[in-house]
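Novice: Protein chains in written order, with full-length UniProt numbering: chain Y, 1 to 266; chain D, 1 to 279.
Among these hints, one or two may not hold up.
[Claimed, not checked] Here are the simulated DSSO-like pairs of lysine-lysine, each with C-alpha atoms no more than 27 Å apart in a straight line:
id : chain 1 : residue 1 : chain 2 : residue 2
1  : Y       : Lys-45    : Y       : Lys-161
2  : Y       : Lys-161   : D       : Lys-111
3  : D       : Lys-133   : Y       : Lys-161
4  : D       : Lys-133   : D       : Lys-111
Rather than coming from a laboratory, the hints here were simulated on the basis of the structure.
If you want the building blocks of each chain, they are given just below.
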Amino acid sequence: MTSRLTRRQRRRVSQGIQYAVFVAAVVLIAALADWDRLQNQFAQKDLASELFPDIITIALRNTVVYTLSGFAFGLVLGMVVALMRLSSVAPYRWVASVYIELFRGLPALLIFIFVGVAVPLAFPGTEIPGGVYGKVALGLGLVAAAYMAETIRAGIQAVPKGQMEAARSLGFSHARAMVSVIIPQAFRIVIPPLTNELVLLFKDSSLVLFLGVTLSERELTKFGRDLASQTANSTPILVAGLCYLLVTIPLSLVVRRLEARTEKAR
Amino acid sequence: MAENEIEIRGLRKSFGENEVLRGIDLDVARGEVVCVIGPSGSGKSTLLRCVNLLEEPSAGRIFVGGTEVTDLDVDIDAVRRRIGMVFQQFNLFPHVTVTENLTLPQRRVLKRGRAGAASVARENLERVGLADKAGAYPAQLSGGQQQRVAIARALAMNPEVMLFDEPTSALDPELVGEVLAVMRMLAAEGMTMMVVTHEMSFAREVADRVVFMDEGAIVEQGPAEQVVGSPRHERTRNFLNRILDPAAAEDPGSTAAGNGHASSGSGKESGSGSGRETG
Ligand SMILES: Nc1ncnc2c1ncn2[C@@H]1O[C@H](COP(=O)(O)OP(=O)(O)O)[C@@H](O)[C@H]1O
Ligand SMILES: [Mg+2]
Chain Y
1 MTSRLTRRQR
11 RRVSQGIQYA
21 VFVAAVVLIA
31 ALADWDRLQN
41 QFAQKDLASE
51 LFPDIITIAL
61 RNTVVYTLSG
71 FAFGLVLGMV
81 VALMRLSSVA
91 PYRWVASVYI
101 ELFRGLPALL
111 IFIFVGVAVP
121 LAFPGTEIPG
131 GVYGKVALGL
141 GLVAAAYMAE
151 TIRAGIQAVP
161 KGQMEAARSL
171 GFSHARAMVS
181 VIIPQAFRIV
191 IPPLTNELVL
201 LFKDSSLVLF
211 LGVTLSEREL
221 TKFGRDLASQ
231 TANSTPILVA
241 GLCYLLVTIP
251 LSLVVRRLEA
261 RTEKAR
Chain D
1 MAENEIEIRG
11 LRKSFGENEV
21 LRGIDLDVAR
31 GEVVCVIGPS
41 GSGKSTLLRC
51 VNLLEEPSAG
61 RIFVGGTEVT
71 DLDVDIDAVR
81 RRIGMVFQQF
91 NLFPHVTVTE
101 NLTLPQRRVL
111 KRGRAGAASV
121 ARENLERVGL
131 ADKAGAYPAQ
141 LSGGQQQRVA
151 IARALAMNPE
161 VMLFDEPTSA
171 LDPELVGEVL
181 AVMRMLAAEG
191 MTMMVVTHEM
201 SFAREVADRV
211 VFMDEGAIVE
221 QGPAEQVVGS
231 PRHERTRNFL
241 NRILDPAAAE
251 DPGSTAAGNG
261 HASSGSGKES
271 GSGSGRETG
């Protein structure tokens, strides 16, 4: 006979249940977890302070460098693939579609292994320029390009048709209109999703682990793991994690603001 | 009329099965202002867009300033530079300022220098009365101002011909006048113009010739006072009645009876139309 409740009462009951479940879960976890051991394993203050400044000056710095170089390469390649995807030449469209489906469908880890192993095998004697940095840019860029190509294509198609017509009627060639008129507008549209992609890349840069890096080339995850095994304590992992959040959370906030702004501009 | 700026011969255009232009022959003399009127869907925009090849004709030939636009070997970008086009939706570039809307095409297409392009831009913004908006972005302007900038942008390329596709149809009524004033000024300066419009007062006052189109063909053409004032064809009369007095549209429920009404009514209407002309 619960149907006798008014809507207001029903809402109260439902909210009460949800809060109760939440509190119960928190209490249960707090009671069951062994806090002393956790603190011992993950939050040793002196161990944590020993990580500095290397975790910032080497590990975080490398993470940022890897991410940005992968992003830059991915952006250029993604732009090319997007334009191929929109080309009037059918083979270009096919190649672009295959590329996009392939690199979106494969785990990034597999592509990193491929870059580390297959590329030196396929082109013997040639070194990927930039050493590990070049390989990371290639690996991250190949993956990022597939996602960015789709984002950029959608952005280009979101520019009103009249813009191309106006440019053409003024005497712009198709290519020139693309560069001067369409792509600058498309980029405004795709800045939020591209920033999102940057956040994803920032995390994916941890896959560098599988390329084999020297001490000075370590990024956050590798650095944290190495020191964790050296000290037989997981505090470095926790600190490395906090370093990621230090960058990803502000970036996510920026994305949200950008999205809110484009939403308003519509 | 030795010098025709535009010559259209046997122009046909189909979109798939849909034949939109069914053999158009039309000349526009240098300095002439031709207004194209006709019901929605009659192919007016398509006709205009064929002239600068935004649409590829299915058949027929088009000459602009003596150059065959429809010649496959012609440099279409070079031809388009001589033809200015103004769209119903303005189509200003929203990501740059008003001045840059005028300088970008000059610099990228005509390869004018920075200073040269800027001074041409200033000149043309002054012509349309918007010198004070040079630094604004299109979104900060009213519709009428945006359309005047669009006209200035086209003029900055020194076109020989201007095409207008319903330039005032997207505007609030109180903004129509300022755009028509600019077009009137252009006509007075001797610009060759093809104008698709529903502004009959503008057509009467400015057009050297009015062309009435229906279902992809030219039904009648002639001086404005004749085509608008005392149209020969039934279809022209019906169209003008609808345009000049939208509230008097016949009841859509009674088509058969309505047709009878329309023909008897249109006699009266054309009478009142000529009354308007004298007034
Ligand atoms: N790009 C296009 N693809 C298919 N059909 C079109 C296209 N452009 C115009 N049409 C059709 O051509 C006809 C004439 O259109 P239009 O020239 O815009 O007429 P008007 O400007 O006189 O209103 C319409 O039936 C329209 O649906
Ligand atoms: Mg139209």
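Novice: Against each hint, give a clear statement of whether it holds in the structure.
Specialist: Hints versus structure:
1. The suggested pairing of Y/Lys-45 with Y/Lys-161 is violated, with an alpha-carbon distance near 60 Å, which exceeds 27 Å.
2. Restraint check for Y/Lys-161 and D/Lys-111: the C-alpha separation of about 25 Å stays at or below 27 Å, so the hint holds.
3. In summary, the hint linking D/Lys-133 to Y/Lys-161 is supported, as the alpha carbons are separated by about 26 Å, within the 27 Å threshold.
4. For the given pair, D/Lys-133 sits about 24 Å from D/Lys-111 by alpha-carbon distance, which is consistent with the 27 Å threshold.
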